[in-house]
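Here's the letter readout for the chains.
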Amino acid sequence: MTNKQMVDFTVNGDHVSLSVKPGQSLAELLREELRLTGTKIGCSEAECGSCTVVIDGKPVLSCAFPALRAQGKNVLTIEGLSKLDGNGDTLHPLQQAFVLYGAVQCGFCIPGMLMTAYALLERNPDPTRDEVHHALKHTFCRCAGYPTIEKAVLAAAKAMRNGEPVELPELPESKWAEQVVGRVHVRPEAVAKVTGRALFTDDLKLEDMAYGRAKRADIPHAIVKSLDVSRAKSLPGVLAVLTAEDIPGDHYHGTIIRDWPSIVGVGEKIRYVGDVVALVAAESNEIATQALELIDVGYEALPIVSNPVQAHESGAVQVHDKGNLLKHIKVRKGDIDHGMEGADVIMEHTFHTATYDHAFLEPECSIAQLTLDARMEVFVGSQIAYEDREMVALALGWPEERVRVIGMLVGGGFGGKEDITGQIHAALLCNAIKRPVKVLYDRHESISYDVKRHTTQIRVKVGAKNNGKLVAVETELYGDTGAYASLGEAVMTRATTHSSGPYEMPHVKGDCFAMYTNNIPAGAYRGFGVMQSAFGVETMMDMMAEELEIDPFEIRRMNALHVGSVTNTGQILNESVGLLECIDRVEDEVKRLAGDTPFVSHPVPGEPNKRRSWGIAAAYKNTGLGGGVPDEAGATVELFEDGTVESRTSSAEIGQGLVTVLQIITAEELGMPIEKVRVLLSDTDLTPNGGPTTASRQTFMSGNAVRYAARVLRDALVSEVAEKYDISPKLIQFKDGCIHANGHTVELSELAQEMKQKGLDLRAKYLYSAPETKPLGEGGDMHFAFSFAVQAAEVEVDTLTGEVAVLNVIAANDVGAAINPLGLQVQVEGGVVMGVGHALTEKFIMDEGRVVTDRLAMYRMPNISQTPEITSIVVEEKVAAGPYGAKGVGEVVLVPTSPAITNAIYNAVGVRFFEIPVDQEIIARQIAAKS
Amino acid sequence: MIDELNYSLPSNLNDAYSQLQEIHRKPLAGATDIIPRLRRTKLPIDTLVDISRIREINFIREHETEIEIGALTTHSEITDSALLQSTAISLLEASASIGCQQTRNRGTLGGNIANASPAADTLPPLLTFDAVVHLGSLDGTREMPLSKFLLGPGKTGLAVGELIEFISFKKLNRYGLAYVKSGKRNGMSIAVASAAVAIALDDNGRIEDIRLALGSVASTALRCPRAEKILIGKPLTKTHFKKAGEIVYEDISPIDDVRASASYRRSVAAALVMQVLSIAEGRLN
Ligand SMILES: Cc1cc2nc3c(=O)[nH]c(=O)nc-3n(C[C@H](O)[C@H](O)[C@H](O)COP(=O)(O)OP(=O)(O)OC[C@H]3O[C@@H](n4cnc5c(N)ncnc54)[C@H](O)[C@@H]3O)c2cc1C
Ligand code: FES
Ligand code: FES
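If you read the protein sequences in the order shown, they are chains A and B. Under my numbering, the residue at position 568 of the first sequence is numbered 682, and the numbers go up by one with no gaps. Under my numbering, the residue at position 195 of the second sequence is numbered 265, and the numbers go up by one with no gaps.
FYI, nobody ran anything at the bench for these hints, they're computed from the structure. Cβ atoms here follow ideal geometry from the backbone N, Cα and C, with glycine treated the same way. Mixed in with the good hints, there may be bad ones.
[Unchecked claim] Quick list of the computed label-pair ranges, beta carbon to beta carbon: (1) A/742 <-> B/107: 48 to 56 Å; (2) A/337 <-> B/327: 29 to 37 Å; (3) A/893 <-> B/327: 25 to 33 Å; (4) A/370 <-> B/333: 18 to 26 Å; (5) B/333 <-> A/722: 32 to 40 Å; (6) A/362 <-> B/222: 33 to 41 Å; (7) A/347 <-> B/116: 37 to 45 Å.
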């Protein structure tokens, strides 16, 4: 039994013979030795399915498969799937179908998903829907276009059985469709994602690269008393151990407030378990991991505060010197006392929402390298490249120009890749050892230490007239921002301003206390606080409806915001308020499916213990930063001599389909085929700042920037042609990649060559500024656009065990204009599925500042078999300033799902929830108590 | 650390036994459980003896009155077996309910038993079969009832140098069999509770023999003797099913943890008992 052993096997038809370490997994071998990086590692705990490969016809989790066991076997990876018919670039029907149906979003799970599906179809060429669910049940997709994935698998199966091309999906186009805009287009990067060629940060292996890891405190509140890194330093293979003293520049980072130490020094304070006390760089990740255990740290433990309400009490343990209050946020409108006095009915309840993990499948990864001209390059899949540049430069004590952030694909973000993760650490280590350094979080690190969704407590007091008209609402929110500010202030502001729901409300008083605690920091997360407050207010709407004996649709309809309404922050809505249409269309669809009494509890034939019913909820969500923050995005559009165009902006493709949107807009503006447009994102040297990829803003902001940049380019081309043929610019048209001018036709490529020869610049730049917004409290427009949504959910509840299944969700979203219908469909599906998870199964649990759910196995995100039937209704109330009328959609899709589900549970079994996720124990207990 | 482990791949039982002579050497079957565990925690193991290629203990065999299943039989093989479909449907249901396709393809019956997890799915049905565990080592073979083999979470009667070779049980031709589990909740991936039953009637339609076993409600999977006793001689009625559920509710003493409170586990177990009994009833004849 020697330590290293030989293994011989076949990979994608090629015979390989390698020496491997006994414990090495097949996934590592494929990725690190054979450089087949299409196989992804999402967890290394046999939980996510991303690493699935097919061995002798069977799907296998390669992260838990000892490499040595591959001896003599036939391994098929994603790289081999397209090669199968002997014709290099021919995609397998499954790959074709995933591309055509839009099943690919961020793409990280896709190789594993495809290999699992491939093994299924090899075994069963004609699977039923249930069989597809059964086979794909444990291969997770957090972007969660599960219904589309299912359709794609079935379409591929059919094509394979019949030997015909994959049938195209049927999807309605935008009612505002133009030549390119609003029509169905596949993602340009989808082919790379289905073939395993798409590169995420961890797929890069630079020459001479070292591996960095962080020593975490694992104690929630303490003073660092002593730190001894000598044992770690002397471990063979360790290249550097850095402590706080070794940071050349600023010690703190943070998205809004810089209060988060990159490394905590001796004598300084640990504020949560994930605080870092030292960094290690070593020849391998394993050595770095071993070195962490050789670092000796002495702590003086401090008492902790782990709850935002307690944190606000006088005498509470103080997390920061300035106190525990990050921000007191106030919303005032009318006169709340007067309003309540005028109410016939007043109801008041307190709600709680849990902490949630983003659980993107790609763990955080950064690579830093020094260039020959002494600049620092950081490769990272981040949502805010320019801010990363600023933070890295600050930490190094360098001017920003010496840092370049190169955005890689983002394997899911959902807000969780806005804060700094390993970027600064990688750069510090790289600077210390003058070698490239990769800092890759393992799943344990990602789930245990990286930012989460704000836990909230929300008290809602609503006053209404007997006829159902709402007159006043008072809310009091507590948000747990954890140890550091991150985006806490912005998130909880959004929670507060949206806490009275999408309703006309004459008198409003909202107070929010965003509090520091010794819990994990909370930051941006799809829905940005609004998801939390919607749970409170939408539950109250149903309770009020019941109290007043008014239909749940009707009470929302009679109070709904519409054009001309004034929001609770004093903004007059002048346009683009599609809420009423959302309500009407969801009502029609629910009644079509469930008859006239959808909210009545129905028995389930043959299942005496089960009850079914529907529930609804409404929501709105701002697009863009708003609140008086100047919101800008820059873009460059360049024409090349071969007639292609490249659009560039520094905003992130996090799975939402931004690349497609920008490609569509460019092609529309320049009247050219979409295939001739390339999009380059997130490289701080090459792309202008597009601002943060947050607040559902990129379609609007980067979309507008690219659109106007394309127009600048177009104008330049027009004047060139007008001069050349001496005709009026008005007569010039762009079509099919050509310019038509009064009988003349010039190809873009031709014109580009001519202009180039004249030395003319074929690049156009534009800095788009969003319409001005006002800070909270000043009245006026706090946001330049809002998206609206209504969802209805049908649940089935087991009255004995309390288990809940969501059977159907009807989701209507007012998106302004559906620029990219294929992308919209999967965004809606993914948002609803995430909402189902938030309502029912997901919960990040901390106990006295320590993480309980520290593995993916303990964080239950929904799989394909928990996915309801999802009907998407697209409402398109254009917003004038948006590109072609579009506004944001990425977040609002998730906001109403949880309350729609909890309202449905109440309608089915009479158990009201004031807390999510729903605890099935409570359902079982309350039902048992009643009977 | 996992990278420092030694590894061997014996191709027959004898080689495996000679390589397993020390306490720090561990057999590796489907590797679905042990590899993720090794990556998470330090286990006192220095060598993995990969037994996955030992053909001798991968079989499903039928004798006149007995069924034997080799330890290396995977959950997928169990699920696909026509023989077990007709003779041990509850075991089939248990194997089919395990993890994902990928895990079922590799995870073995022997590994599931040796793990002795309180939530291991195959254990309740095997307990209702009165299954016997056949162990082998360089010294020869021995056998032990499964109920004696299971000692606690992760604890079994397996000695150093020993392997589970196969399990056996008497055919239960006249019996109605069933397995159900329930309740994936937040913060967990395993069941809140599970239940298996084997039930046979006498000529008068009264319960002649009943074996009821539960998972996830105690430190190991276990039988419920008091509920069984109450049901013997009784007709199959909802009232009696309910009574059995109530006894189970009283008898078990599960623990509170992140996943579920003890009282919830008890009520789910009681509900499952009623459910599994009525499914098994439907399968009689
Ligand atoms: C994602 C995932 C989901 C899972 N879900 C479930 C589930 O729902 N229900 C469930 O019950 N389990 C589940 N498991 C656990 C595990 O897959 C099963 O218990 C499986 O049957 C273990 O078998 P194995 O062959 O893979 O065991 P291994 O990992 O190879 O070994 C497990 C243990 O058994 C010992 N061992 C194995 N074979 C023998 C033998 N013949 N003789 C003596 N000792 C032996 C090993 O030394 C080791 O200690 C899950 C695991 C994963 C990764
Ligand atoms: S990486 Fe293997 S299952 Fe997640
Ligand atoms: S596309 Fe599946 S995780 Fe993003």
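We went through each hint and held it up to the structure:
{"no.": "1", "hint": "A/742 <-> B/107: 48 to 56 Å", "result": "53 Å, holds"}
{"no.": "2", "hint": "A/337 <-> B/327: 29 to 37 Å", "result": "33 Å, holds"}
{"no.": "3", "hint": "A/893 <-> B/327: 25 to 33 Å", "result": "52 Å, violated"}
{"no.": "4", "hint": "A/370 <-> B/333: 18 to 26 Å", "result": "45 Å, violated"}
{"no.": "5", "hint": "B/333 <-> A/722: 32 to 40 Å", "result": "23 Å, violated"}
{"no.": "6", "hint": "A/362 <-> B/222: 33 to 41 Å", "result": "54 Å, violated"}
{"no.": "7", "hint": "A/347 <-> B/116: 37 to 45 Å", "result": "27 Å, violated"}
When the structure is compared with the earlier hints, violations turn up for hints 3, 4, 5, 6 and 7 and for no others.
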